[in-house]
Amino acid sequence: MKFFLAAALLAASAAGAQPSLDLADLEGRTHRLADYRGKVVLVNFWATWCAPCREEMPSLERLRQALAGRPFVMLAVNVGEGGRVAADFMQAMPHGFTVLLDRDGSTTKAWGARILPATYVLGPDGEVSIRHFGALDWSSADAQRRITALMP
Amino acid sequence: MDRRAFLASTVASAAVASLPWRTASGQSGWRTFEVTTRIDIQRPSGVSRAWIPLPLAGANEWHRDQGDAWSGNAAQAEVRRDPKYGVEMLYVEWPASQGAPSIEVTSRFSTRDRAVDLSRPGAGAARLSDAEVKFFTAPTELIPTDGIVRETAEDAVKGSRTDLQKARALYEWVVDNSFRDPTVRGCGWGDIKSMLEAKNLGGKCGDLNALFVGLARSVGVPARDVYGIRVAPSAHGYKSLGAGSPVISKAQHCRAEFFAAGIGWVPVDPADVRKVVLEEPPGKLAMDDPKVLAARKRLFGSWEMNWLAYNTGHDLALPHSRGPKLPYLMYPNGETGGERLDQLEPDAFKYTITARELKA
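These protein sequence lines are chains A and B, in that order. According to this note's numbering, the first sequence is numbered sequentially starting from 1. According to this note's numbering, the second sequence is numbered sequentially starting from 1001.
Incorrect hints may appear among the rest.
[Unchecked claim] No more than 30 Å apart at the CA atoms, straight line, and that leaves these computed lysine-lysine pairs for DSBU-like:
| id | chain 1 | residue 1 | chain 2 | residue 2 |
| --- | --- | --- | --- | --- |
| 1 | B | Lys1239 | B | Lys1297 |
| 2 | B | Lys1239 | B | Lys1158 |
| 3 | B | Lys1084 | A | Lys109 |
| 4 | B | Lys1291 | B | Lys1199 |
| 5 | B | Lys1297 | B | Lys1158 |
| 6 | B | Lys1199 | B | Lys1250 |
| 7 | B | Lys1291 | A | Lys109 |
| 8 | B | Lys1199 | B | Lys1284 |
| 9 | A | Lys109 | B | Lys1134 |
| 10 | B | Lys1199 | B | Lys1297 |
| 11 | B | Lys1193 | B | Lys1359 |
| 12 | A | Lys109 | B | Lys1325 |
Keep in mind that the hints were calculated from the coordinates and are not lab data.
Produce the entire structure from the sequences given, and follow the hints as far as they go.
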């Protein structure tokens, strides 16, 4: 697997209203984007069958750890697999981020996350600043620098 | 199970197995498949590119796409959407410096068999807008709707009043007048005007179903080709109507739909009727063979969904390519050093497509 570190791939998003997000986590608690207004939010769409998603996920956890204590939230949205499959997988994947369930894939579609993994980073104003399709080493210095630059 | 019950079920199974288009128990629900397309550009020369069709986006009554993922050594891989038809493809690019360019795209989708009740035409609320009717009756580069196409269609639909009746007449006309030509490369490009002018209605699905679509459009019946690939054997007892192996690199197949007001989009597949005639063992079946009759009846109004739908597009320009437009996108396409690779030759290109069903 090749991780793409090129700055060009961390493209600024096109203008436009961002779809909403209103999903339950593995414990059934509902999470909405509005809950995290004022923080930088990374939304990662993934599935257990997606090999690059699996390879990328440890780097997401490293990023989360690196930014612990900062105004930063990470939401990992499982696409269409249901709670049991996602929970079983996450048991073997050390993580401290929130896992959400997009059971019918409608949120994934609304966000345009056609290729997995798909990752969006929203600034404190809720606008998408970074979107990336495909695997990336999110713990790289370049990725961290770009994300911290969005923080208030 | 007692002996009597065992005997009864055995007899029933034998009877079902011998019927044409047998009903397959347990196959009516949703099934989930994973399709993997692997591309290895052979003898790369300069920048290499690939365009890989992706499953039909979104969800409907018979299809739900569940996402795609890729891995490989490409420098760029992004989803591109054709603005006119909504055709989605993965555009891939490798720099000249990349040795052995390769990519593997995995797609998951769910599907279930599709059958439309044609017994109560006009009963439902399904309608197309005027703009949609115009769109789905418009000509394409290889599917004109005037001249010999319209003359042929008008003759074939004489006495038909409704769109459903016209579509039925055209379906029967295509089945009666065309034939499957196994020498056609790929699935045929659907140059229907040339076929009609040459009075040679031999071809494969890309030809015969395009003929149905063109004839329908020419007399005002909204219709479209649906391009895709077979992913599993047929559960209805037809060897010729399914993928015979997990490797489906040459299992591309297109189908057709027409729109009937009050009913909605109706699936048809006259090309597969002719495929049954030619290929269903022992081969070269008579038109009154029970297997042909059963397929002919079923393939007006239903599709067995052992098949993945890609898109409904025509005349597609591939992004970042200076090559010609494609009549349709049903195969992986590629180029290296500005030269197109032969999309109909998976072994030379090369690409491999595999499919597997995911059991719950």
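Inset, instruction - With a cut-off of 30 Å on the C-alpha distance, tell me whether Lys1291(B) and Lys109(A) pass. - result: Outside the cut-off at roughly 41 Å; violated.
Inset, instruction - For the pair we were handed, Lys1199(B) and Lys1284(B), check the Cα-Cα distance against 30 Å. - result: 21 Å, holds
Inset, instruction - Would you mind confirming whether the straight-line C-alpha gap from Lys1297(B) to Lys1158(B) stays at or under 30 Å? - result: 21 Å, holds
Legend entry - Given hint Lys1134(B) paired with Lys109(A) - CA-CA distance at most 30 Å: Distance of about 28 Å is within 30 Å: holds.
Inset, instruction - Decide if the proposed pair is consistent with the structure: Lys1193(B) and Lys1359(B), CA atoms, cutoff 30 Å inclusive. - result: Cα-Cα ~45 Å, so violated.
Inset, instruction - For the pair we were handed, Lys1239(B) and Lys1297(B), check the Cα-Cα distance against 30 Å. - result: Distance of about 17 Å is within 30 Å: holds.
Legend entry - Agreement of Lys1199(B) and Lys1297(B) with the hint, judged by alpha carbon distance not exceeding 30 Å: The given pair, whose Cα atoms are some 26 Å apart, holds under the 30 Å limit.
Inset, instruction - Sort out whether Lys109(A) lies within 30 Å of Lys1084(B), counting only the CA atoms. - result: Holds: Lys1084(B) and Lys109(A) sit about 19 Å apart, inside 30 Å.
Inset, instruction - Below or equal to 30 Å on CA atoms is what counts here, so check Lys1291(B) against Lys1199(B). - result: Given that 30 Å is the threshold and the Cα spacing comes to 27 Å, the pair holds.
Inset, instruction - Assess, step by step, whether the Cα of Lys109(A) is no farther than 30 Å from the Cα of Lys1325(B), and give holds or violated. - result: The hint holds at about 28 Å.
Legend entry - Hinted pair Lys1239(B) and Lys1158(B), Cα distance within 30 Å: The hint is violated at about 36 Å.
Legend entry - Lys1199(B) paired with Lys1250(B) [C-alpha distance capped at 30 Å]: 28 Å, holds
When the structure is compared with the earlier hints, violations turn up for hints 2, 7 and 11 and for no others.
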